[in-house]
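Chains F and X supply the protein sequences, listed in that same order. With the first letter of the first sequence counted as 1, position 123 gets the number 123 in the working numbering; the numbers rise by one all the way through. Take any residue in the second sequence, note its place counting from 1, add 371, and you have its number in the working numbering.
Fair warning: there could be bad hints in the mix.
Said to hold, decoys possible - The following residues of chain X were derived to be distant from chain F, with all beta-carbon distances above 12 Å:
{"no.": "1", "residue": "L552"}
{"no.": "2", "residue": "Y620"}
{"no.": "3", "residue": "L623"}
{"no.": "4", "residue": "V638"}
{"no.": "5", "residue": "L734"}
Stated by the list, open to error - Calculated lysine to any residue pairs in the SDA-like style (CA-CA distance at most 20 Å, straight line):
{"no.": "6", "chain 1": "X", "residue 1": "K562", "chain 2": "F", "residue 2": "D29"}
{"no.": "7", "chain 1": "X", "residue 1": "K562", "chain 2": "F", "residue 2": "V60"}
{"no.": "8", "chain 1": "F", "residue 1": "K72", "chain 2": "X", "residue 2": "K562"}
{"no.": "9", "chain 1": "F", "residue 1": "K364", "chain 2": "F", "residue 2": "I218"}
None of these hints come from the bench; they were simulated from the model. Yeah, the Cβ is synthetic: ideal placement off N, Cα and C, and Gly gets one too.
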Amino acid sequence: MNFKKPILATMALGLSAGSLAADGHMASDMTLVSWGGAYQQSQINAYSDPYVAMNPGVTVTWDESSAEAVAKLRAMNEAGSITWDVVDVVAADALRLCDEGLALEIDADEVLAPAPDGTSASDDFGDLLVGDCFIPQIVYSTTFGYRTDMVPAGVDAPNDICDVFDLATYPGMRALEKRPINNVEWALLCDGVAKDDVYDVLATEEGQEQALAKLDTIKDSVIWWSAGADTPQLLADGEIFMGSTYNGRLFAAIEEQGQPIGMMWDAQVFDLDGWIIPEGLSDERLARALDFVRFATDTQRLADQAKYISYGPARLSSAPLVGNHATLGIDMAQHMPTDPNNAANTFLYNYEFWADYRDDIDGKFQAWLAQ
Amino acid sequence: MTATISTTSRPDLFRFTMPLMAAFAAMFGFVGGNMVAQPWLGALVGAIIGCVIAWVAETNLSRRTTVRWAIIGVLGLAGLVFGNVGTAISGVIIGAILSWGAYWLATGQYGTSVPIYYTAKQTLWHNTFKFICGLIFFFLIAPLVPVMWLSFNAQDFFTFTPEMLNFEAAGYSLKHYRDFLGTDEWMVPLKNSLIIAPIATIISVTLGTLAAIGLSQSHVPGRQAIMAILISPMIVPLIISATGMFFFYAPLGNWLEASLGLSQSFVGFVKVILAHAVLGIPFVIITVTATLVGFDRSLTRAAASMGSDPVRTFFKVQMPLILPGVISGGLFAFITSFDEVVVVLFVGSAQQQTLPWQMFTGLREQISPTILAAATVLVVFSILLLTTVELLRRRSERLRGLTPA
């Protein structure tokens, strides 16, 4: 019976856990929640492996459930059994969790480490500290990749967001995310609305109609994606000419997988990803979670993550420390969405607008999709 | 027509063999032509090739082996000339199928497997039926082939690269198998599955067998109602059971942790194992109840009359006879737990990540071919397992002096 050993080991662990947890009043087990894939791997390399090396005896378990973090935290809260210690979520989800009282409120200057030159954490993170619970980690962007070998002969590669809507010059399928956010902004931008007016127009019924009407012009040529991995897969298959996804996924497909894909950074939409700590942890687990978060969001650690994935660190003080890719050796600075060459024309995800209008526009968008 | 399709005389070339072969080869031509966006041209070329092969077979009936190898060689060579190694292999396979078909029709072999009194229509139906059966097997098994093939992809995508289709070494790699076998990301879930599934199986087999024996006694009141309740996990939608279990086991787990001081991870395993045991019990009850129908009750009375107590009677007399039902119920319970993803997502926490959970999240977030490597390993493993069980069954039947069926 080969199964006996692990079971006995588990039992022994189970019975002795009470005494092990005494180490510095911090729990010895920690469950971190993230998105899986290359992104989670970069967090393991930059944050949890060094943390465990510094704190032997701590075991870290990763759960790839960030996609349903809000629903799961609600259920855990209702059942009174919180099994997560630190959760990686996008800023919009962090705001919702904070509003519902499911995430711990954080005082940035008290919880997070100051920059090496003494700048306080709240100044170092600046505007990126959205809401009261969110601890920013990276800036990522949703942008377009295209097949370099499918660009029609005699035409320049696409470099304008409106090329997405130009089926005459750039025939072929597109991949867009199966939700209105980003898509409606791009549609209005290419329908003659000035960038500063986009959200004013979108707030009106006519503006929403206008955006959907613009999307209607390419609807027959669109494949709708729901997971970040879909677009790289479709591009690698040659099933689409261009598609939107997270810039780190495109970086991996281009630089690590050597796919014939080019980046089109125009009108990329910045968004933030970071940690929250669930409300309702025991004192020992909370102490461990705070200790980890303080370590994982210091200036050096955030810069280290950029060695493994092309997302920009959220601290100002981390930017000069961004070096070369850990295995490929290429300079990562030019692959960051925040690099001046890439960031000529950008959007920042408008949290307030989408908090107010999301349900409404979502409904219209899904109804339009079903037509 | 009846005269031509008899078992002794051979069918007519122009009225029978050639049109059938033309239609058959045109199907291959249609599929092949589709790859260069010329399906109808392909079908035409295929039909011509079919006619030629039918004629060659008709005129060289006695030199079957030589001619078949020649056809295979010609089509393989044509594939190599017009395409690459991949098309050459397709050419060889198609050549083997078409030349076999041509001789099968031309020699009248199709009529030898049916009784001599069959009419033409009955012979036709007999062969069509066999063809449909073959198609069913094909559609059951064929989806596994690309899965296994793609698991050797050198790239991180579910895509047949040109290198793979040309059978170049550069297009293939074992890196997804290294990812599967060499990283904690996959080995920890596999270990968890191998802890959870066997324990859950033992619990459900024990409880399920006892319940089936109890329910097969005629004097138990409310048998139907008890049976219905015990079987309900199989009928209630899994997502409903999972939600209920989540809210049932969460306070239970909290209590175990708080009052007995057990660790979160251990309690998590207990919760998932109990939940999976509940899902497995209906399968055991159903299979054991079915075997108990054929169990002769006078045997237990005979044992009792010789002074054996009920427990001894159960283990020495009843258990050996219903063992096949118990084992197949146990297999179902094991597979239920080993395949289960919904309940474990609800009840378990990250420390109890099972293999299906890892495959589910991996497929949703990453679309990495490591899942294909995992699937291939599992398919090979289950084939080996079933083969072993079948060989053991035949061995035991041989030992008991029966002819293996």
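Hints that the structure is at odds with (numbers, increasing) | 2, 3, 4, 5, 8
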